[in-house]
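Asker: Each chain is listed here by its residues.
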Amino acid sequence: VSADVSNSARRIAASRAQAQHTSMFFRMLLRAAVLRRGRAAAALFAMVVAAAVATAMLNLYVDVQAKLRREFRNYGANIILVGKDGNSLPHGAINQVESVLGSRGVVAPFALLVARSSEGQPIVVVGTDFDRVKQLDRWWSVSNWPSAQQQALVGVRALPVVSPKHQPFDLSFQGHTIHLNTAGTVQTGAAEDSRIYLSLADFVSWTGVQPSTLEIAATGSPEEIAAILQQLQDAIPAANVRPVRQIMEGEARVLGKTRATVLAAATLIILTAALCVLSTLMGWVFDRRRDFAIMKALGASDRLLNGFFAAEAAALGATGAVIGFILGIGIAAWIGRVNFHAPVSPRFAVLPIVLAGSIIVTLLSAILPISLLRRVQPAVILRGE
Amino acid sequence: MFVRLVYESFRRQKRRKLLAGAAITLGVTVATAMIAVATDIGDKINRELRTIGANLLVTPQEDTLDVEIGGVNLKPPSDGAFLNEADLPRIKGTFWHNNITGFAPMLPVNVTLQRGGKTENLTLLGTYFAKRVAFGKEEFNTGVRSTHAWWKVSGAWPDDDSRDVLVGERLAARLSVKPGDEVILSGRNVRVSGILSTGGSEDDQIVGPIALAQEILGKPGAVRRVYVSALTKPEDAFARRDPKSMSGPVYDRWYCSPYPQSIAFQLQEAIPHSHAEQIRQVAQNEGAVLTRIEGLIFLITLAALFASALAVSAAMATAIFERRAEVGLMKALGAGRLAVASIFFAEATLLALIGGFIGFAAGGLLARQIGRSIFDSQITIPPVLFPVILVIAVFVTFAGSAAAIRKAVGLDPVFALRGEL
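Taken in sequence, the protein lines are chains Y and S.
Heads up: the first sequence begins at 752 in the numbering used here, then just goes up one per residue.
Heads up: the second sequence begins at 216 in the numbering used here, then just goes up one per residue.
Here chain S stands alone, though its shape is the one from the complex (with noise of 0.2 angstroms):
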């Protein structure tokens, strides 16, 4: 009999289940599109931070003293210590390889640039553009494209093995280059592939493949300082503590988090007589940008989740109130204040399994599509989230129902069924 009312009143009144059930779903997907959006958001941004620039620097540990004034090198070029080369793919080995989205060597020598009889002495900066870097069985990407995104070229970038080489834009305007000149560059003809505008120092130096500046210097794998960029967590007290002092399962956490003390501790074993240290410029404002963008998706998540449940709240009242003439049949023919609400509640919960499972499925399509048009990129639901959504649906959706069921139940069969209230 229970069963059969339950079935028949979903049965016979369409729309008004169609109604509350919508109102539902869109609850459920509002709140689950939302909860993705927040949980995935700390990622995305940190990605688009990443733009900014490396948020860490290797230098040999040995060096001497830099003596560089607008980007300008005073110091004898092959004067103190370099990272070899060969070296470098260990940085995908660390523990963190995963965060780590890129890294650019650089290796700045003097130069002498002929052209149209004139010379001039300069700095040729020689780095990776987007090489192709094999680590054990992992291949990858990395240079200077990914590591310095507002590096911008007019012309193309040159290729690794080459020996083209791009011009900054100052240089370029002095010197007056377009992309396809050649020049000669300490006695080597190389092609100028594009003219490099970066707003820095570089503006004002030649960039090129590691290989060539490493030539000139006659340091075959010499390679002055590394930037890498990675993903990291906000600093807090804990990752400024020093490893060194932190008994066994204490130092585990701490190497087991993205700090970027402790990826600076990686790369520093990583690579033999290196010396690691983030850049405070990027790494300490990265973590406060990052933490308010959080805070403020985590707050706006917070106000989407009590609209859609006072949505829910609001559709499932005015469906009970609709029906006060059915209750008040009900108790005429002898139902008990708990059949009467055991059968809305069944409803309720019938209704709230369906919007949640349409809900979820919705939300999840929504969340993607979000991902795809802000941030290019996929953001995925857990499915963990699944069970828990389906349980705040239930429990919104019997909160929201239970005052109108009080009241329905509480109603005189005489004055419900004439309809005056």
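One chain only, chain Y, in its complex shape (with noise of 0.2 angstroms):
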């Protein structure tokens, strides 16, 4: 019985000791940035400077592709569907296409076709939605859409061969004549100006024509508009349906190359934030060799001077990275704010990766003095030699 006492005491002694032990390790972990505060608050602002940064740096370069390709989107059509050898299209066809693109794009139907305007001069005549070409082709200089039946949109240089003083004209189209008036005008400097634009309604009813082309501006990446294009053939087999390589070859050129400078610059940016931290933080830890003299001549093993530091450097990157986080990601949306006028959305993949590095770092920078320390004589560290 009494061996099981004092086994069992031994065993409290032990905990004691181990709870003591483990506070007091917290005690001096928290005593040191309370007593210094002055320089663990430098050590912390350098910390959540460079988080934030590399944080908005990170953040903008993986958000920048998107916000550019919406820019991008401005220059309209990225893909083309065409009916084969020059038939119209499937009826519901832009509802299919509708259905594929989703949210991602924007759609078009034009069908076009010769008249003869009264005086026999022969003209490109164009069906379409007006609506729909309003969000396509916003490079459009139209002086006033048409709202109404029967109201024309035509092209700057076709105006004076057909309505010269604004006046309602006719056109004729295989015997049929379609009565119209002069909405406003379209300046596009290529072929729009030689045209006109009905709506598709007065268009279909005059011509009995249906439309045989769609232009479509998806949104995506290029491998998600070659997924688009393999959907929209194979939804709409009746048609041929190409990208415009004209505009996707030069977006692709700017994108990359605006991407690269992004990464270029952040790099940069971020090399030097961690060696403004790394020298912060080892200028502190340098700065504390007495209290690391004072601790090894009391008794302290390595292993728990390292550990000590360790654990300090650890929680100070931790705190840092954890609040520069949140302030890069204010930096990154207001930049998207000031810059694209969208904000950029917070990638919460950024985390970890600030996280891990700016642990790293401020390791770094504890151990490196400390090996250097381990290798002093306490006693002449005291000695303030």
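Simulated from the structure, these hints should not be mistaken for laboratory data.
Incorrect hints may appear among the rest.
Unchecked claim - Derived pair list, reagent style BS3-like, types lysine-lysine, alpha-carbon separation capped at 30 angstroms:
{"hint": "1", "chain 1": "S", "residue 1": "Lys459", "chain 2": "Y", "residue 2": "Lys916"}
{"hint": "2", "chain 1": "S", "residue 1": "Lys393", "chain 2": "Y", "residue 2": "Lys835"}
{"hint": "3", "chain 1": "S", "residue 1": "Lys333", "chain 2": "S", "residue 2": "Lys367"}
{"hint": "4", "chain 1": "Y", "residue 1": "Lys818", "chain 2": "S", "residue 2": "Lys367"}
Predicted model only: the values in this text are computed from it and were never measured.
Once you've looked at the hints, go ahead and assemble the two chains, each given alone in its own frame, into the complex.
Answerer: Here it is in structure tokens:
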């Protein structure tokens, strides 16, 4: 029985010693931070700034493509869908395209033919959906969009031919005549300037010709666009689907170069910020060589000392990373708002990277001075030499 | 004494000086490289945007309406007006000729193609591929290979002086034509040098040297339209004003800005009986894209400047803090606050100048490397930047050391010497 008692007493004593050990460890950590507030705050500040800058840069790097792709969609269609052999597209083709696209793009139908003006001059007439064109071809300079039936949008070069004084005019196609009012003019500097645009309803009831072309502006990475092309081809086998290489290749080039520049800049900035943390923290740890010497003189083991300074560094790194991450997301969102007029959405995938990077940098800046100091006798340090 | 103190401090504390100097050098390197990249990015991206195609189009002033659907010209080919090919080199004589990266004349003509007993009516598009054109003493290469960068050829590009042609890929598949085949084009034997893929209407056409199209049309020197690719400045309200309504100096400012409008205006002046206009799809959007990318890089550069300023301050603060004992000694020997501070500031200036000098050179190399690896072209640093960078380096170093120096001179020498703080 007595052996049992002494055993359990020993256990309790051991666990107490352990508890005191642990609480002493945390007390030292905490007191170190509280007593040397200025230096600790400076180190934490450096860490927070570095983590914030790193977060903002990584966030921007991940998001810049999506943002720029949106800008590039203002170039208009990057996919064209044409009925095979110049035939009209089947009914409901536009709905099928929309169900493939979802919210990833805009589509506009076009029906084209050559009609004659009242003087017998051949002219290209296009039936389309003006509301969709407004979204698709934002560069069109239009004086006034048609809003009623039998109103036409006349290209600036076609205007002197059909309606020099903005007067109503007639167009004929295979014996059918339509009477049109000029709602406004369109100027693009390209083929559109020589054409006349009607609403699809007017166009179909006049000529009976259905749209043969769908122009599609789809957003997404090259792989996503390729998938959309395939889905469209499968959905509408009666049509040829082809990418507008002119736009897609230019876009890919510009995006690639911009992204590479942002990456280079981000690397430089993160490197600088990391070095800033390293020098501040190393200074701090080096500065506390007297603490180190006293602990060692009182019999602390190398493992305990390493553990102490490493724990301190890791705690600092983690705290700095989390605060910096929140700040960095704010910076990225602000840059997005200012520059792209749309906030850069926070990427939480960046957090583990920033966290791991911060802890590695802080550990490094704690371990380096410690391994230097370990070789020195505590007495030498305490004498201040 | 003062100079000796500073000199000895550099001689005896090499490690500390090296650390602080390295931080300043690195900060200046990053700042220089980023400023260089930011000042040049607009021009670089502008050139990349030119791969989307020409942004200006020159047509005859008195032209009849285009009647064209899907690249098939339904207008009688000899109808309408033409530009004169001999006038085209004048494009390089305009005020903004250095901004014009290339031009390509186009002349579509209707031809018949005979092959294997079949006859087909097609469009032959006459153009320049990479033609040597001379204006005055200046010689340059221009044509679709530079203005229409997305055109891809399997086989060989034809020579501009040859009678070789390219066949569009859909047409080639339909006729089963391969590079090296001979076809009869409106009674002329021509060789197919390659298959052209553009993703546009040219895939159903034949593209050949402009001389061949002019010969078939029977109008030597005729050009239907000219695509011009120019580096332009994003359009603003001033660009959209009508030049005719402007007074002298305002007009000069408009004329001498590389807006799409003013370059179009100058093209119109250079080529007789022509009408030049921006292709809005290209010209309008590139301004938007350019502004966004420039803005992004500008903001990133600010971040880089901030980060490097911080790194420099941190290094300086640490370096000064480590020298408390020295300060204590100086003060114990009777040095005033001013004397101590001026020694530290002199050291900081010296470090900043050395670090700034090395950093500027390293930053230049770094910017060049970035330019070469990303844009395949040089990014050069304007020499004007050198004094600016030095001043910034000194200023940032001062600002970074100021707090630490103030603290150091305020120390009680007794405590500082005992190492108690």
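Asker: Each hint: holds or not?
Answerer: Evaluated hints:
| no. | hint | result |
| --- | --- | --- |
| 1 | Lys459/S - Lys916/Y | holds, 23 angstroms |
| 2 | Lys393/S - Lys835/Y | holds, 24 angstroms |
| 3 | Lys333/S - Lys367/S | holds, 27 angstroms |
| 4 | Lys818/Y - Lys367/S | holds, 29 angstroms |
No hint from the list above goes unmet by this structure.
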